[in-house]
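Visitor: Chains as they are written, first to last, in the working numbering: chain C, 402 to 822; chain V, 9 to 531.
Please keep in mind that the hints were generated in silico from the structure rather than gathered at the bench. As the structure is a computational prediction, the values presented were derived from the model and not from experiment. Every residue, glycine too, gets a C-beta built ideally from N, C-alpha and C. Please note: incorrect hints may appear among the correct ones.
To be verified - Derived coverage of chain V by chain C (criterion: at least 3 residues anywhere in the stretch with Cβ under 8 Å from a Cβ of chain C; other residues may be distant): (1) 77-89; (2) 114-122.
To be verified - Computed far set for chain C versus chain V, every beta-carbon distance over 12 Å: (3) G522; (4) V529; (5) N704; (6) R734; (7) M739.
Residue-level listing of the chains:
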Amino acid sequence: MNTATHEIETIAFRRTRSTYGLVLLGFGLFIFLVFGLNTPAGVFTTFGTNLAGSQAITISDLVVPSQATIFAMAAIAAFFGAFQLARGIRSTGWLAGVIAITFIVSFLTWAAADKSFNLTGMLSSSLVRATPIALAALCGVISERSAVINIGIEGIMLLSAQVAVVTATVIGNSYLGLVCAILFGGLVAAFHAWLVIRFKVDQVVSGVAINIVGAGVTAFISSRFLAANINGLNNAAVFPTISIPLLSQIPILGPVLFENNIIVFLTILLVLALHILLFYTPWGLRTRAVGEHPKAADTLGVNVFFVRYVNVILGGMIAGLGGAYFTIGSVGRFDEMMTAGKGFIGLAAMIFGKWNPLGAYTSSMIFGFADSLQVKLQILRTPIPSEFLLMAPYLITMLVLTGVIGRAIPPAADGQPYEKQ
Amino acid sequence: MANVLELHGITKRFPGVLANDHIDIILKEGDILALLGENGAGKTTLMNILYGLYKPDEGKILVRGQEVEIHGPNDAIARGIGMVHQHFMLIPVMTVTENVMLGVEPTRNGIFLDRARVAARIRDISQQYGLEVDPDSYIKDLPVGIQQRVEIIKVLYREADILILDEPTAVLTPQEVEGLFKILQTLIEKGKSIIFITHKLKEVMAVADQITVLRGGRVAGTVKPKDVNPEKLASLMVGRDVNLIVTKQPAQPMNTVLEVRDLYVRDERGNLTVNGLSLDVRKGETLGIAGVQGNGQTELVYALTGLLPLVGGTIRIADKPVHHSAPRNILERGVAHIPEDRQKHGLVLSFPIHDNLILCTYYQPPFARGINLQEQIIFKNAETLVGQFDVRTPNIYVPAASLSGGNQQKVIVAREFSRPIELLIASQPTRGLDVGSIEYIHNRIIEKRDEGAGILLVSSELDEILALSDRIAVMYHGQIMDIISAEDATKEYLGLLMAGIKPAEAAAPTRGNRKQKKVERVF
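Isolated chain V (complex conformation):
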């Protein structure tokens, strides 16, 4: 088969970083090429170069054997390259038709938008590729899976034959992922070629014809799925052998530490995003909250930690009502919080590490005496914690902003775990982290559980939920669909719940079908 796309020696430097170092990639016609790598391996930079958003410092790009220069999205589109971005580039207040036609609008009389013509083309494309969507609906009313179809239709409308999909599965339920893979197969049958960017090993094994692994801005290897196994791919990705298995003892649940009843919370825009939710977390167990992003998980955590007021319901922590308490009072109850957005809510980025480590306790002895902060004690505390939690930093005086994502998260974990805690609320604790840091943080969370803390884990990574939880609650449209024991959980069942299908219809897995207590780690 002919090579539709070749990249030779692509190099891109950012101030202080070599994001891409002489990368060579070949995409054959009708193939799915998976570009695998951890966050920061240079995948997205490479694709932005291909799409004309960045200019490479060195190297050349060949489309169908012809050397081309791509200066912007328009050039890329003209060469038949289309991109489905990780964060959808859709305008919520506009219709599907308007989103698709934007940038290449056909007109009537040279003046007026010809919406009807575009809508007809969209229906054609929908039919041809099995991408069902109503051209007249507004993006904001569509579920994420359908929004992704609109993104793909946008690319097909521009008659691209090379499709780049950047982390397309990050926001989908397992069933939607299945649907996406079927769509990819149809696209290939119709003669398209695809680059599929991901950091998830299983997906790569399932769909790719070729796998190119990136590590630290370089190509670490190009392999075929049939020649490798997940362990081999993981070690190519990370550069060392990794333990893909989380081992934990069965939970020893004790008395209830968190009791939530009929909780209603509105988000900042006034939508009722937590909608009559009740749950319990006992000491010594992990309750995992699964669900597609944006189903009220964020607001639930905000409400539990006092960051958002409640519309209705009660929250009790260690038998005391806290639903009108300030965040500080809640923290003083023995609650630790690993926030979803570590840079916005977890750290003061411009503060040095030693100050970030006392954000919850600075006003208490030994860090404060009267109105004075005790600098020497704060420094000593920082030195101890940095050592204990393996934060890789030149010293404790550098600002938190200068650390990598994984080390920033370790600073937060160090701060939260260094005081006595009864309840840990961890929201997306490993999002965007490298494999090594994920391993570390997972083990620390399990350690806290074994010490007798109650853990509420919110994650949109189903594998992470399955690996760490003792019980799993699935959240959909602000409500708990069902809570099941992790031993009984299957991905299929959880996936159906995540898509909003009621437990009765989803047919719960049979009880007692005990699986091994070992679950593969998230990638």
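In isolation and in its complexed conformation, chain C is listed as follows:
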């Protein structure tokens, strides 16, 4: 009978194996036909590696023959596909990685054939664009790890963005504006926590309400007060770029990682801090226990409600930081609906990152990369509408949710109010 089980599992495995193999082969063919044959021979693609105004040591740009590079990528995809069909690589993450890398490299080479494309600039803007997404995702992670769904991150960020710029303008100090935004984010989250923990209001309903209120209130204040007095209320200093000595001089890596404003640096620190908090401290153990099996935690004397309140409020403060990024972290003024769905994308990044701070940050980078790529493509004038590229990360998120690429399992008690008997 055991052989029978084995057989069924083997059949299932063989099926995914051949599916992946065929998909990879298909990608190889696609790259060859669409990008390869559409690229004139003898043309070169230039990838810029230096960023204007950065302190990094200047190095020469990367120049590659366009068609040859694309053919090489097609060959790599096809090779992995054939290898997968013949032998089978068990790690689906690896295969997805091969698909992504060959596709992106050949796509860029094709798009920038006979032109120049600044690679470092795009990586740098990817990291910057990933920041608000990552902060939203971290808010989701810390909150949902204690089993409270916060779908109102978008609204919290919008409100905090406005609070940040108004306080920064009125006080005349952007750092104080940042503190106000963080505190305000915590306050809104505390209200959400109070509704869903104390009164067991449906967590999604409360979150949606925060989003609607956030959009309405900020739009009202913006058109009623900010528009009338831009210089007095809606014109704050943007955080300066901080260059870390020495490290920022490393080519490519320096301008991408070590020349940023305070919010980008804080985000990277937060990712590491939350990872340690969740997995190496008593508080993290309790948080995860409360998210998985609140009753078990309760019988061991852990205060389930307290843990949830603190985590949701902490999450709100992180979202508040994310809100501040939009105004005093980038443009210095508030525009209606300027968060543009980044709070929701953050939730997708949280799921894609499997409710881990490091994973959430990595997926935020992917979303940030797609976002900045899309902007670059508009400049390069490729025949493909940039909107299609912008869709790609969300399609991937859906695939993750359906369990095609590595399954994401939420905390077991996620979204359920805790009822003390």
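Based on these hints, arrange chain V on the given structure of chain C.
Guide: Relative to the frame of chain C, chain V by itself:
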């Protein structure tokens, strides 16, 4: 010996119910006190009061002669009281170490969890009390018996000397129960005192030093095992004399009604929980499926009744393939189903009794004519069935939710038995019921068998399987380990199969060793 724990006049009222009525209990040092009572007798309420999960309305608690107030688990732990819950309070995705340390985490530098220190303590405790477990394994990978050890280690880690075990044997195989009793003895030798909550008479007779019987929220008596016998205990528990014996005639098996071949089913999370299973049920016989909970029994029943799709294999009922049929088509084949979760799958709790009684037949005459339901006929049907099946209810118009568990089950039995059936699939038909209802439902099932229906009985209570079955199949990890005639079955052999030991190694009992056709009823 000194009294380590005394409860005096503990009273707890819930809206409309007096759960505990002036209960007095005394636990002596180094004793095992068994708290015996039926479901709803107030055992669990009492223990939750002791553990600080409920607040008593009256009465006082003395620990080592000192009056104490217990406001929460932390207070209880501080007084040396530890509880092993009936439903394990373990987090499956965490390690043993993490589960044990939760709530009292030692740290390095005041910040970082000191997992190594806890793991070392766990190894110490394991050695000292004979509770072998690997601190680094994940709970989800451990069998239930080992999970229970982790629960006990959790309590010992907190240095409790009064241990409360709430129905600890419900999920164990007979061999695991033996192992647990040995552990209890070791704990007593090391100076611990134990309260053992159960509704199983035999266990009480085997391990207890003192027995306190609860009935209807009151103490019905406190006795020593040597002064009583199971019959006496049962009557204390129920409040009247009960018949502990199920009598049935030998089976008259006829043609096959259910034929299952190479069945594979996945559970909701995608795990292959029924794993190449084949069995037959003939008309006029009862096939009992024994096994520890969670070995695929639930999914097997779901697949047979059309509630879960098959991954592979065939199911034939009365010679017709049904493995792609909808539940209604399967029911129309003459299948009756007593589901495992009566409140979720058996009844619509908010519906009145009369509507619950026609859930499978409402669309057929005489209950429906065209698109109209025939109310008068439905009422009359309900009146008849309620009388016939002895459902205790004020009237047929009250919602099913207002009935007791036993009466809810009788409503289901009435509905399923009131139409012509060829095959009865009964899953945990007496779980959580009082002795009277168990007696009733058992007799009805035997009656159906004698009328010529095939019966597939799934139960995790081995005594129930032994009492009702003609043949017994043991299910382990989604497969049938062995099918033997009930006359040849011994508890030891079944227990080994339930633990996954192959028939060849388990040494089947010798054939022809006929036992009496009378088997003691389940408690």
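Visitor: Taking the hints in turn, state whether each one holds.
Guide: Hints, verified against the model:
| no. | hint | in the structure |
| --- | --- | --- |
| 1 | 77-89 | holds (count 4) |
| 2 | 114-122 | holds (count 4) |
| 3 | G522 | 40 Å, holds |
| 4 | V529 | 32 Å, holds |
| 5 | N704 | 9 Å, violated |
| 6 | R734 | 41 Å, holds |
| 7 | M739 | 38 Å, holds |
Taken one by one, the earlier hints fail for this structure only at number 5.
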